[in-house]
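S.K.: Sequence:
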Amino acid sequence: MAETTAPAPLERAQAEVADLLSELIRIDSTNTGDTTTSKGERQAAEWVAGKLDEVGIDSVIHESEKGRASLVARIPGEDRDRPGLLVHGHLDVVPADKREWSVDPFSGEQRDGYVWGRGAVDMKDMDCMTLALVRDWARTGVKPPRDVVLAFVADEEAGGKYGAHYLVDHHADLFENVSEAISEVGGFSLTVRDDLRLYLIQTAEKGLAWMRLTAQARPGHGSFVHDDNAVTKLAAAVARIGSTRLPTVLTPPMKQFIEEVSDAYGIEIDVDHPDEALSRLGSISRMIGAALRNTVNPTMLDAGYKTNVIPGSASATIDGRFLYGQEEAFEAQIDELLGEGVTREYITHDQAVETTFDGPLVEQMVAALKAEDDGARPVPFTMSGGTDAKSFETLGMRCFGFSPLRLPADLDFAGLFHGIDERVPVESLQFGVRVLDRFLRAS
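Numbering follows UniProt numbering, with no gaps: position 340 of the sequence shown is 340.
To be clear, the hints were calculated from the coordinates, so they are not data collected in a lab.
Note that the Cβ used here is the ideal one computed from N, Cα and C, for glycine as well.
Errors might be hidden in some of the hints.
[What the hints assert, rightly or not] Listed next, the in silico DSSO-like pairs over lysine-lysine satisfying Cα-Cα at most 30 Å (straight line):
{"id": "1", "residue 1": "51", "residue 2": "39"}
{"id": "2", "residue 1": "370", "residue 2": "143"}
{"id": "3", "residue 1": "370", "residue 2": "255"}
[Stated by the list, open to error] What follows is a list of derived Cβ distance ranges for each label pair:
{"id": "4", "residue 1": "56", "residue 2": "83", "range": "18 to 26 Å"}
{"id": "5", "residue 1": "395", "residue 2": "23", "range": "29 to 37 Å"}
{"id": "6", "residue 1": "99", "residue 2": "347", "range": "26 to 34 Å"}
{"id": "7", "residue 1": "329", "residue 2": "19", "range": "41 to 49 Å"}
{"id": "8", "residue 1": "410", "residue 2": "223", "range": "50 to 58 Å"}
{"id": "9", "residue 1": "427", "residue 2": "396", "range": "35 to 43 Å"}
{"id": "10", "residue 1": "81", "residue 2": "279", "range": "27 to 35 Å"}
Make a model of the complete structure from these sequences and hints.
M.R.: Dropping the structure here:
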């Protein structure tokens, strides 16, 4: 196990991380999926640039389209010849309806020991833990052992076309000689008992397959007998897709995860039917269950223009996610469910990503977590959604989800992603700053 360097005091970083997060949440960087209605990414990038500039860290901002801004900075390490490490986070957030929240989702309110607001866990928390830490380093003269590249990017919530994908396609030189990367949705705790917490480190994520389904048929008058109806064809396909649970497939990260859960909880888990046993994990089981199989969910419908007119076409969108190595099988599963007269096309498509839970970087993650929590047991898992790792992996980086948070046992963390009353404990942010400091100074 790699030794971790004794951490700097970090008083200032821990003191300011919650305030930084509140400020960043107050910048409404909602990504609607449409550049004409999305907002705030340029303002957020300029805010980050200003916070870095205050402590003498230079950065560059690139726009893929007007307002779709991403920022990159490089912190020189002691050994400039070693391959560097990327810490990346996105600045955009999904929409929030103020009427559904108990606080203004863009207020960044601090109360009851939490920072509240859209982006508090997805993922302005990691952005600000990173920012607080590197600002502290700059003030105290800490230099990492190798180059650390920071990327604060646009458009992750809509697939990354205007953010990470753009940077990789047009400014790959900014990531020259970078071999590994960390980002969101990993390193958070799941309490087993008072003296044992599993820390889920993301080593894989599912591929992205957002599709449009279209049914074509003969239009006609709504009062006639009409057997060739596009709406009926589409509705039947959508119903089949929405009600079908695809078969369990255990990938290497999830096989190891199930073994760790079985040992930690002292239970036998049937690897062919693991869902029932995993339900005891609480709300996180929804995320874990989705990583045991390919998944697809209908999300939008569009048909017709008048009540008494049978339309000639009807369409729906579906959110498909496929496991690493399962893309071909996933497409065959969807085609079988569609039925006759319904076609599919990709709206957004991106790869699945997977790496192994081993090597010096993983050892340093484990050591940093255990140094701050003697009840920590880090375990690998597959994330059911997607991150910008899909882009950066194409440059040859080994990508992990490592945004360390020690969470209260009763917090429905999974439910906060894109959820109502999104919030993160201040103590968890401070824990994350300490763990990241140990990890990055040992890496």
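S.K.: So which hints don't hold here, by number, going up?
M.R.: Result: hint 10 breaks, nothing else.
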